[in-house]
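Q: These are the residues of each chain, in order.
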Amino acid sequence: MQDTKYKIRNSRYEPLSLVFAALGGLVLLFIVAPLASMFVSCSVPELAETAKDNAVQSSIWLTLWTSMAATMLFAVAAIPFSYILARKDFPLKGLVTAIIDLPIVIPHSAAGIALLGIVSKNGILGEAASKMGFSFVGTPAGIMAAMAFVSIPYLINSARDGFLAVPVRLEKAALNLGASPLRVFLTVSAPLAWRSILSGSILMWARGMSEFGAVLIIAYHPMITPVLIYEHFGAFGLKHARPAAVLFIGVCLVFLAALRLLAGGKNNAQR
Amino acid sequence: MLSVREICKHLSPFAIKDVSFEVSEDQYFVLLGRTGVGKSVLLETIAGLIRPDAGRIFLDGKDITNEKMQKRKIALVFQNSTLFPHMTVYDNIAYPLRCRNGKTKIRQRVDELAEDFAVSHLLAAKTQTLSGGESQRVSLARAVASEPRCLLLDEPLSSLDTKSRSQMRALLRKIHGRGRMQIVHVTHDYTEAVSLATHVAVMEDGTITQAGSVEHIFQHPKSDFVARFVGIKNFFKGSLQEPSDQGTNTRCFTSGSLRFSVLTESSGGPGFVCVRSEDVTISNTANPTSARNNFEGTIVDVVPAGVGVEVIVDIGVEIAAMVTSESVKSLELGCGKKVWVSFKASAVKYVEE
Chain E
1 MQDTKYKIRN
11 SRYEPLSLVF
21 AALGGLVLLF
31 IVAPLASMFV
41 SCSVPELAET
51 AKDNAVQSSI
61 WLTLWTSMAA
71 TMLFAVAAIP
81 FSYILARKDF
91 PLKGLVTAII
101 DLPIVIPHSA
111 AGIALLGIVS
121 KNGILGEAAS
131 KMGFSFVGTP
141 AGIMAAMAFV
151 SIPYLINSAR
161 DGFLAVPVRL
171 EKAALNLGAS
181 PLRVFLTVSA
191 PLAWRSILSG
201 SILMWARGMS
211 EFGAVLIIAY
221 HPMITPVLIY
231 EHFGAFGLKH
241 ARPAAVLFIG
251 VCLVFLAALR
261 LLAGGKNNAQ
271 R
Chain B
1 MLSVREICKH
11 LSPFAIKDVS
21 FEVSEDQYFV
31 LLGRTGVGKS
41 VLLETIAGLI
51 RPDAGRIFLD
61 GKDITNEKMQ
71 KRKIALVFQN
81 STLFPHMTVY
91 DNIAYPLRCR
101 NGKTKIRQRV
111 DELAEDFAVS
121 HLLAAKTQTL
131 SGGESQRVSL
141 ARAVASEPRC
151 LLLDEPLSSL
161 DTKSRSQMRA
171 LLRKIHGRGR
181 MQIVHVTHDY
191 TEAVSLATHV
201 AVMEDGTITQ
211 AGSVEHIFQH
221 PKSDFVARFV
231 GIKNFFKGSL
241 QEPSDQGTNT
251 RCFTSGSLRF
261 SVLTESSGGP
271 GFVCVRSEDV
281 TISNTANPTS
291 ARNNFEGTIV
301 DVVPAGVGVE
311 VIVDIGVEIA
321 AMVTSESVKS
331 LELGCGKKVW
341 VSFKASAVKY
351 VEE
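Chains E and B supply the protein sequences, listed in that same order. For the first sequence, position 170 matches number 170 in the working numbering, and the numbering has no gaps at all. For the second sequence, position 70 matches number 70 in the working numbering, and the numbering has no gaps at all.
By construction, these hints were calculated from the structure, which means they are not laboratory data. Bear in mind that the values here come from a model prediction, so they are computed numbers and not experimental data. The beta-carbon is built from N, C-alpha and C at its ideal position, and this holds for glycine as well. A few of these clues could be false.
[To be verified] Here are the in silico distance ranges between beta carbons for each label pair:
(1) E/A165 <-> B/G132: 18 to 28 angstroms
(2) B/P13 <-> E/D89: 35 to 45 angstroms
(3) E/L26 <-> B/K68: 56 to 66 angstroms
All chains should be modelled from the sequences, with the hints used to inform the complete structure.
A: Laid out in structure tokens, this is it:
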């Protein structure tokens with residue numbers, strides 16, 4: 001008798017938890033149901049045929065490499081930038097942080113149009129590019145620019161949070177031991193923030209890969225898969241667009257899972 | 001020679017003002033003060049992590065006040081571990097070696113240091129798995145690896161258990177014994193000052209209120225604060241007898257011609273004993289009491305001291321007793337009078353050297 005008084009109630013069966021779980025289930029269903037119905041509506045022969053289609057294959061390949069290259073290229077500048085954001089205070093820092101988040105909130109078609117203004121032949125970047133003998137409009141370079149524009153906030157924000165979690169004391173200790181600031185960054189700060197940098201990169205890459213609006217405006221051709229899916233839908237209807245979409249989602253999931261596994265395998269150095 | 005001149009730094013909630021002191025080659029300098037008086041801020045200023053508002057710092061005659069911290073040749077061992085968590089013990093110790101140009105003989109030097117600091121068996125370990133004592137030894141090895149002219153230690157013993165503490169003390173003494181670097185050791189624990197320091201400075205409210213040799217500070221505290229803080233006027237150097245196998249913890253401590261009974265579980269060897277003057281009683285006759293330490297002596301001084309009266313008795317060495325003014329009257333204590341002083345064995349604090 002005495003014992004039951006002190007027994008902790010099993011929180012799993014608390015009414016509130018049950019309500020919350022039910023709500024969560026609805027949200028989950030909302031995400032899973034459309035995807036699942038799309039997957040089951042495609043037959044295997046249909047998928048196989050789409051996979052053999054040269055246009056589909058090259059679009060998937062193009063999407064993968066442009067998004068990856070965009071992430072890597074911009075990471076070179078974005079990672080040091082996020083370190084500054086994490087460590088230094090400077091005037092208008094709030095404004096700078098807000099600017100970084102801008103690409104997340106503006107419509108991507110608008111982002112594409114804005115970007116087109118400077119990368120087209122008459123724009124600043126476009127002019128510079130044509131002097132160097134290449135063009136953004138309708139090329140992989142343009143695709144990369146569009147992808148990076150809309151996805152870079154994810155990398156910067158994640159890397160900044162990672163650097164913020166690195167104790168300043170460790171950096172000070174490294175300086176005190178005779179390391180130069182660059183060395184401290186390369187051997188202490190960056191390795192300790194590595195997981196956040198990596199997961200930010202994956203997020204940026206995934207976001208770039210799924211970009212449609214901005215890319216559509218700058219480079220309809222060569223066709224990345226999201227544009228291809230849209231074209232299939234417009235020209236041939238739902239039934240024809242589905243297999244390409246399923247195939248692309250499948251490829252993305254495989255890559256994403258592999259990268260997550262890779263990133264998760266390495267223990268978080270901060271622990 | 002490290003010379004700190006009139007350093008000021010206002011860093012809420014700490015403020016240090018006009019701190020000056022000098023540490024020469026052969027000194028083990030202990031900065032003694034309560035927690036929160038700005039001792040750590042002072043160390044970080046000397047190391048270059050914090051820029052002082054005013055004042056100058058000289059090392060071997062060179063003004064290093066504005067020198068970059070990685071060029072200062074001053075190593076700071078922080079109070080909490082700053083070992084790099086993503087590296088092994090080996091890589092931590094090798095870190096300062098790799099920062100310098102010559103990349104040769106790193107392995108050899110790390111091995112030497114590891115052996116010196118008794119961490120050889122841990123070289124492959126991740127730093128998170130280390131105990132407090134181990135981690136502190138690795139930190140120290142890493143700091144010494146950077147070959148500093150001056151070693152700053154921020155409460156190096158405070159987070160350690162008794163055993164690691166005495167091991168660490170022995171290590172610090174060894175480093176100091178080699179005489180290659182000046183040591184500035186910050187602590188709030190006077191026993192560390194007694195057992196390690198050659199020179200002590202007492203810090204109070206952001207300034208140094210008294211500095212000098214250990215004996216000088218402890219026996220002639222300049223202010224009430226110093227007296228209350230260090231609190232020990234009676235301290236004697238000598239050696240403790242090894243534990244006997246009779247199962248008693250009361251042991252004999254010899255200091256010159258005097259023999260004290262001490263209640264301790266420490267192993268024997270050279271060290272100090274401290275007795276607070278409040279624990280020393282005075283009587284006119286040799287009454288049998290439970291106190292194990294009874295000495296006959298002559299009063300050499302009677303000094304009013306704040307709340308009570310301090311009576312200094314010569315029992316071969318001078319020993320201070322804090323008594324009430326009523327006792328002084330009723331016992332008719334005065335200079336030249338023969339009295340008995342006594343204190344319990346448990347009132348004697350032994351600090352190993």
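Q: Against this structure, judge whether each hint is valid.
A: Now for the hints, and whether the structure bears them out:
Against the hinted window of 18 to 28 angstroms, the Cβ-Cβ separation of E/A165 and B/G132 comes to about 23 angstroms, which satisfies the hint. B/P13 and E/D89 have their C-beta atoms about 20 angstroms apart, which leaves the hinted 35 to 45 angstroms range violated. Against the hinted window of 56 to 66 angstroms, the Cβ-Cβ separation of E/L26 and B/K68 comes to about 59 angstroms, which satisfies the hint.
In terms of the numbered hints stated before, the structure departs from hint 2 and from no other.
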